[in-house]
Structure formats: structure tokens, C-alpha cells
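A.B. asks: Chains as they are written, first to last, in my numbering: chain A, 1 to 114; chain B, 1001 to 1709.
In case anyone wonders, no lab produced these hints; they're calculated from the structure.
Predicted, not measured: the structure shown is a model, and the values here were computed from it.
The beta-carbon is built from N, C-alpha and C at its ideal position, and this holds for glycine as well.
Be aware that a few hints might be false.
What the hints assert, rightly or not - Here are some chain A residues pointing at chain B (derived, C-beta under 7 Å): (1) Leu39; (2) Arg42; (3) Ala66.
Unchecked claim - Here are a few chain B residues that sit away from chain A, every Cβ distance over 12 Å (derived from the structure): (4) Leu1199; (5) Arg1634; (6) Glu1641; (7) Glu1659; (8) Asp1697.
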Amino acid sequence: MDRIAAAELELRESTNGATRVVSVAGELDLASSPRLSALLDRLASERAALVLDLTDCTFIDSTGLAAILHGARPMVSFSVVCGDGVPGELLRMTAVDQTIPVFEALDEALNGTS
Amino acid sequence: MNAGWTVYQGLAEAIVESSDDAILSKDRDARITSWNPAAERLYGYTAEEVLGKPVSIIVPPGRAGEEMRILERILAGERIERYETERVTADGRIVDVSLTVSPIREPDGEIGGASVIAQEITDRGAARDRAERLQQATVELARAIDPERAVEVLLENALPALGADAAAVGLLDPDGTEVELAGSVGYSPAVARFRRMALDADLPMTESIRTGEALWLAGGDLLRERYPALIGSPDRWASLAIVPLVAGDQRLGAVALSFRRTHRFARDERAFMLATAAQLAHALERARLFEAERRRREQLDFVVEASEVLASSLDVDETLERLAFLAVPRVGDWCGIDLATDDGGLRSVAVAHADRERLALADRLRAKYPPDPNEDRGAPNVIRTGRPELYPTIPDDLLVEVAVDEEHLRLIRELGMASVMVVPLTARGRTLGAMTLVAAESGHRYTEDDLEAAQELARHAALAVDNATLYRREHEAAVTLQRALLPASLPSPRGAEVAASYLPAGPGLEVGGDWYDLVETEAGRVAAVVGDVAGRGLAAATIMGRLRTAFRAYMLEGAPPAAAVERLDALMGDFEEPSMVTLVHLSLDPVTRRVEYVRAGHPPPLVHDPSGAVRELDGSSSPPLGVLRDPVFRSSSAELEPGSVVLLYTDGLIERPDEGIGSGLARLRRAFAAAPDSAEGCVQGVVERLGAEALPDDVAVVALRFTGV
């Protein structure tokens, strides 16, 4: 499903040791996904290990998912943190959780990549 | 010294005798002691009649105590100069006089009386009267904001001030070729002959306007000799004064005053006329500016309203019709809008008139005498050249020239066109049509200013039309594309009943990123796919188009489901833009009822068992296509009972604004369970139950029912 509404999206970058963490808060949809794509493109050149924290992400549609998956490709390692909400459901439905590691909490993800 | 005094006295006497000014003297008791011939003439009394009488006989009742006061001052030694007052003559007429009163000293130095020199200033009274009237006229003209009132004010004041018998004001028309009589007082109805005068006519008023010079014409015969055009008019004027009205360097018209008696125009009379004319010219100028300002403001208001109309709808014809009706009667009595057609002709889109009954006339005209697209005038020409046309007046000869036959001429005369403008509707360098504005009943004459305002309006309209057309073309392209993309028909394989529905999301677009396809392969198998390209609208549809074509080929080739999906994923690696696709692909044998399926990132297919239960085909799942480097696509199998129905769909059917996909799926299962048995029934059933509440997203649904062979 793809939504056009330009909802608020907040992206925050941080570093934890050798791992980059991108926290997504708000809604990832047709309007806001390009921002995430741009950010992930930028980080791709760093050939980093990346954790995408979707804990505060309230909504994802397929364009958001596409942005995540395309962004993940060039990364050395990529994992996702998300709970049970809408993003989690989508990741399971689309079987993304079978190809990309999905954790329930940030520290699990960081331990997993260290 | 006595001799000198005698000479002086003699001289003084001679001066007094011959003076034009009335000179009298009075004693301390205000009795008249001397009275010169001029006093006789002024007051109408002979010296014998007044000598010894009190001077009060020439003082009017209203001025009763005056003499005493004057005398008091004189006896106190004062000299009074130019004291203006009134006196009364023997025959009761009041005269205005200016008095100079001096004490007369006796040889012993005592003041014995006073000498009074009286100058008649009745003329000066008239001058004062005129000055007052000029002042009054100035004040009222300053207040007058319309030309009609200004002319009225002038006529009210000028005529009595100069004692004229008739007065008129002529104004030059906007074209500068004719003078129209804007107001007149005192003339006979025959003056109507001069209601409109050509500027180059040989008439006093037009001559004055042409030359910018005032005319002071005394003598009736001379008048008629000089201006033969005046012969035959019933009014016999002896004298005529014409003063041009000029504001800055603009000629506005002239004021005319006519006198029955021969009248010599004294200097101060001429000055008064020139001053009053100047005031009127100013007032007229101001009134015109006011009017122009008011019109400009009205035009602006109109443009704002017009913009709202133009923005309100994408339906070109409807919008232009509303615009045309908005324009009448403000911008014109008639408004017609024509659009150019592709074959070089033109199409009438709107004809408006404030009185709808008049429209019948225009309809009759158009029906019987359709406009000629090759006409070198009017809308056809404006569309061809992209240049506006302005006809400030419509002379009858023009109508005669344009008319095709008598009936045509009669009809176009009936329209009553007084003035016409035709402006092009041009946007982005192309002329799309033309707007024709006609002033008829209102009698308004269009000016260059009006033309400019109309062009502005036309620009707005043209842009709106162009945008709407672009939108429509894009819409048509999208619809055409989509129609090419949907399966023309569904196969009817043996042993299976098939139905499908597709509802695109975009308003006005019939195509989106969702698709479905169903083919019968060799060996009687049926291959089906329901897919969803991430994104919306035409962009997603374009990707969808490429994918569906490729995938159809893979299905027809009989590729095993997982392999087909793998190939499609590989194909996407070549795409310029990254995209993502989820799909469910099944391959089934209607005879064995064995289904092999791949679910790639997509909601699970549902199966409605003959028992009524609904379950998911949730075998191994695969990731979405087009996103992973080395995706692995796996298929699963299931064997279904006769009468089972398999339902494939896209997530648009189960998404809700504030719900997770899980609840939507549950709702679908319930709807599917309750749906009628047939494939078509299932599709309709779930679409009806869930489609209304679904978010505006594409929805594709396919149902396959095993009929049992």
C-alpha cells in the first residue's frame, strides 16, 4: 500500500562503535521515503555496518519498504530493529524478516553486529 | 492771496461741474449744500430740487443711520475713502456707489460740512456678483464627481452671472472626432440639430475647440455670415461667446453663451468666463479620472472573480461558459468564446448575454449563418493572427459589408452592436481561441484601456484552458496505456471458473502499480499472478507494464513458478530506477487440483473450502522482487478439493488507515467466507464488502474456482 500524505518523518544518525545507527521516527511513506533513501545512499559510500531502528516508526508502506531494502543492498551489514506494530507486521508479511535480520531492541541489534 | 484763492475756487468749481463723478456737499446738519451735474444724472434730482434738503432723501431705508455716522466721523476730522454703499435715485432705483467723503474746513479751521464724491459701482456690483458665483461654482465643481453634474453646475452659474439667454456645454468624444452637446439651457428644442457635431464642422463651438481659442462674437448677421450652418435655426442670437475647455494639453470641449441682444463682452466678463471654463475643465478631468479609476477597480474585481471561476473546474467547456456569463453585463452586453479545432476551424464554446431571452437571437443567427473560418475579421482572424481587434464604433456600413443577405443584415442589426472587441486566448505561445465582447444596449464604447483589460482576462482564461487540456491529454494517455495493459479477456479453462476485478486508485487515472494476469498454458494448466509495484500513478504503471508483459511470457513458456519469479527479479536488475514488487504467482492443474505457488513479499492467497472454511496458503514465503542482491524464491504446493475457491488480491483490499494489515486480513477472510459460491460472486462479494472503506490504493482481485472435472 502506498500513501501520499506528507507526514512528519524524523531521521537521526548516531554511531555506536563501528556501527552506524539510523533512527526513524514518524511515518515512512511515498512522500517521506525519499529522505531515507537519500540518507542511506550517503551512508552507502562509507561501507558501514548499519542498524535501522524503526522502534518509533509508526507507519511504513511499500515505498518505505522499498527505500529500506534498496538502501540495504550496498551495506556491509544491515539489520533492523522494530517491535510489533505496523512496520513489524509488514516486514513479516513481506518475508523481509527472512532475509534481513530483524531485532526487537536496539542493544540486541548492536550486539548482533559487533 | 485772495486772487489765488479765487482762481483756485474757479478751477475747483470747473472741475466739479465737469466731473463724471457725482459730487455733493452737505453742512453739519446733513443738508445738501451743493449738487453737481453728475449727481443730477446719477440720482435723477436737479440741483433746485435737492438744495437745502436732507441728504437722507438719497439714502435707502436699509442704510438709514449711515449718513449720521459718516458725518460724525467727518466732524471728528476723518476722511473716508472708497466707502461702498447703496443710494436710492429719484425713481426708486438702488444704485451701488463708492463714496469718498472729506471734511470742508471753514477759513477759521472749523469743519463746516462734508464733500462727497460718489462713483457709481453698479458694474462693480455685478463684478462682485460674478466673483461670488465663480466661487460657488468652484466649490460645487470641486464636489462634482460625475461629468453630468459638473456641466449642470456650470450652466446654473454662468448663465445668470453674465445675463446670457442660453448656454450650452459641448464635449469632445473619446475618439476626438465628434462633439456632443452634454447640456444646454435656454435653447429651443431645435438645438437638437447640434446634438452631435463633427469636429471639423464649420460651427462656432467646433471652431473654438479646434483652435483652442475663445470666440467673442457680437452681431447676429455677422454670425450667420461667418457660419452659414447656423442659418435656418429658429433662435436668433445676436451675440455668442464660446470658451474652450482645456485641461493640461487635452481638449475637452467648449462652453457657449448666447445673447438675444447685442452684447459687448467686457474684459471682466471675459475673465469670468475663462475662469469658470477652467474650473469646469478641471472638474471634468477629475470626473473622468474618477470614472477611469472606478472602472479599473471594477475590472480588477472582475479579474479576481474570473480567476476563481477558471480555477474551479477542469472541464474546459463548462468553465468557459461560466466565464462568459460572468463577463456579462459587466465587461460587455454579449460575450462569445470560440476555440480553435484541430482541423483549422472553430467551435463556439459559449455565448452569453445577461438577458437569456436575447440568447435565442444569437442562436438563430449562428444556426442560419455559421461563422466563416476564413473570415478576415473577428474571431476567425484573431485566432489565425493571434492579434486582438478593437471596433470602438460599429457603423452601419460595416454591418452591410459583413452581411451575407438581407435576413442576415436584419438579424445582426437586431443585435444592436455599438462597440466590439475580439481578443485572442493565447497560452504558451499558442492561440487556442478567441473571446468576443460586444457592447450593445449599454451604449459603451470600448477604448484601448478596455482592450488591454480584456486581453488580460483572455490570458488567464487561455492558461486555464491549456492546463485543463494538458491534464486531459495526460489522463487520456494514462487511460489508453492502462487499457493496453489489462488483459483483454480471461481464459475459460476446463475445470476452472475464473473472475477478476481491477480498481485503480488515482482520481482520474485508470492505472496504477497493481496488476493481475491469467493464462492457459499448454497441457491445460492455468497460471495466474497478482502483482503490486511500489509507488503510484503513471510511474508505477509503466514499470508494471514492462513486468506484466515479461511475466506473461514466462508463464506461457510454462516456467516453474519459482523460476519465473526469479527471472522477473533478474529483469528488474536492469531497470534504471530502483523499484520493488510483491506478487503471488500460482500454477495449477484444474484436473488434479494441485496448486504450486510462490508468495513474494505479498499477502497470502486465501482458499475457501467447500466446507466453508477459509484458510491461508502460507507455505514458504519469499522476499519482494527488485530489492535484494541474491534473493531466493521458493515455491510451495497444496492440493485442493473440488469446489474450492482460491482468492488472490493486493494489499489495497485489506489496508485501513489506522489498522495493521492483520485486522484487514481477518476482515477479508470473513467477507470471503460469506461470499457466494461462484468465482465472480467471490470477487464482487469481497470488493463490495471491503472496497468502500479501503484507502485510495489500487485493488486487484482474482478468484479461481475448481469446478471439478
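A.B. asks: Work down the list of hints and note, for each, if the structure agrees.
C.D. replies: Now the hints, each set against the structure:
Residue-level restraint check for leucine 39 (chain A) is violated (minimum Cβ-Cβ distance to chain B is 15 Å; threshold 7 Å). Of the supplied interface hints, the one on arginine 42 (chain A) is violated, with its beta-carbon coming no nearer than about 16 Å to a beta-carbon of chain B, more than 7 Å. Annotation: alanine 66 (chain A) was flagged as interfacial toward chain B, and the flag holds, the nearest CB pair being 4 Å apart, inside 7 Å. For leucine 1199 (chain B), the requirement that its beta carbon stay farther than 12 Å from each beta carbon of chain A is met, with the minimum near 67 Å.
Its closest Cβ contact with chain A, about 10 Å, brings arginine 1634 (chain B) to no more than 12 Å, contrary to its assignment away from the interface. Under the 12 Å C-beta cut-off, the non-interface status given to glutamate 1641 (chain B) relative to chain A holds; the minimum distance is some 27 Å. With a cut of 12 Å on Cβ distances, glutamate 1659 (chain B) falls inside the contact zone with chain A, its closest approach being about 9 Å. Under the 12 Å C-beta cut-off, the non-interface status given to aspartate 1697 (chain B) relative to chain A is violated; the minimum distance is some 5 Å.
Violated hints, listed in ascending order, are 1, 2, 5, 7 and 8; each of the other numbered hints is respected by the structure.
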